[in-house]
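Produce the complete structure using the sequences and hints provided.
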Amino acid sequence: MSAEPNIRTLCIDGVYISARSDQTILEAAREHNVAIPTLCHLDGLSEVGACRLCLVEVKGARRLLPACVTQVAEGMEVTTHSPKIDRYRTMILELFFAERNHVCSVCVANGACELQSLALTLGMTHVEIPYQYPQLPVDASHPRFTVDHNRCVLCTRCVRVCSEIEGANTWGVMGRGGQSLVITDLKEPWGASETCTSCGKCVQVCPTGAIFEKTRAGSKVRKHPEFLPYLRIMREGEQA
Amino acid sequence: MSELKTLATVWLDGCSGCHMSLLDMDERLIELSSQFQLVYSPLVDRKTFPDRVDVTLVEGAVASEEDLKKIRKIREHTQILVSLGDCALTGNVSAMRNTCGPQAVFLRVYQENADLHRQVPTVGVPALLDRVRPVHEVVPVDVYVPGCPPSADTIYQVLSETLAGHIPTLGGVAHFG
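Those sequence lines, one after another, are chains A and B.
So the number in this note's numbering is just where the residue sits in the first sequence, counting from 1, plus 1368.
So the number in this note's numbering is just where the residue sits in the second sequence, counting from 1, plus 28.
Rather than coming from a laboratory, the hints here were simulated on the basis of the structure.
Bear in mind that the values here come from a model prediction, so they are computed numbers and not experimental data.
Just so you know, not all the hints are guaranteed correct.
[Stated by the list, open to error] What the simulated footprint calls covered on chain B by chain A, stretch by stretch (three residues with Cβ under 8 Å from a Cβ of chain A suffice, anywhere in the stretch; the number is not a length):
#, region
1, 115-127
2, 164-174
3, 190-199
[As the list claims (entries may be wrong)] Here are the simulated DMTMM-like cross-link-like pairs (lysine to aspartate or glutamate), alpha carbons at most 25 Å apart as the crow flies:
#, chain 1, residue 1, chain 2, residue 2
4, A, K1452, B, D170
5, B, K98, A, D1390
6, A, K1427, A, E1467
[Claimed, not checked] In silico contact screen, one side only, chain B against chain A (beta carbon under 8 Å); selected entries:
#, residue
7, F134
8, H203
9, G205
Where is the CB? At the ideal position from N, CA and C, for every residue including glycine.
Structure below.
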């Protein structure tokens, strides 16, 4: 342990708080019950700053910064909610909905989808951006799981959990921009993957209905990503 | 007593589930009915859209030439236009054909899946648009009501407010799906 003081004082939405110097704005905010919307972030996984929903204003910065990958600093003044930020977040959500084919009413994750509930909490009632309607594949070759790329938001939680927690590195990302796809191995059918351990962690962390466990039609999918921080803590305890 | 407000409901490319949800208001319909007159709807007989309507609820997406013609006329003669339900708002199930286009749908429905008379109907049916579109992509919309279908409670709230001349916002109240 270093004797150096590692506590920083910063101001979030006009309230002064203390945080450890290695914490991000998101961690510090959530510790103090300040709500910042997120989609790609998941407790127990590394941060990638992919979804941009956690954008906040930091005084002195010329652009909005993603709270999940911005470390706290002494004297930082952070605004988490303003008309400008709300507008950006709604726009980002609209881009997610317009980019692929999200049809909530016929989705296995209807009622348990983080994208759907973000639309509700951020007050997005319709999409102004023209829908893209891309033609995307569904891979149901795995005996227990299916990936439907129409519902994928490219948060890469599946890629991270597979690498960081399971250690299988089955999932990856190919392509760029709107053409990106999450793939298993070198874009082999999931069912033919030799690295996949069929652990199902990717299913539990997927925020939408993109990766789901095969089940009877009409039954509701419920995801349980809450095992992650627990698993992390237990493993760190073993190593110590 | 002031004049009754006029209410219309229309059914474009949807499943009629939103109208079912409207009827699900049950006895609250009786309470509301003292405030409006239903002047045009799949539930009443009138064939032409009236010249001036205070509130119009639109169920369904814009999928055919006929829908397009209808919704333009409706917008022109409506004070408060309400996009009711996911099909009107997002295209929803109706718009699932947008990834493959109408020709692929015709082929599937009228050729591959047909036992007799394999032909695409052309007489007495409106031509399909290449793309199914949400209502607000075609005409300006005043109130957006998400849901598949929106709940009876949500529709009650929307009707109560719009009949009183207010524009409600359903953000944070009603969700897609």
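field: Unmet hints by their number, sorted upward, for this structure
entry: Hints 5, 6, 7 are the ones this structure does not satisfy, whereas the remaining hints hold.
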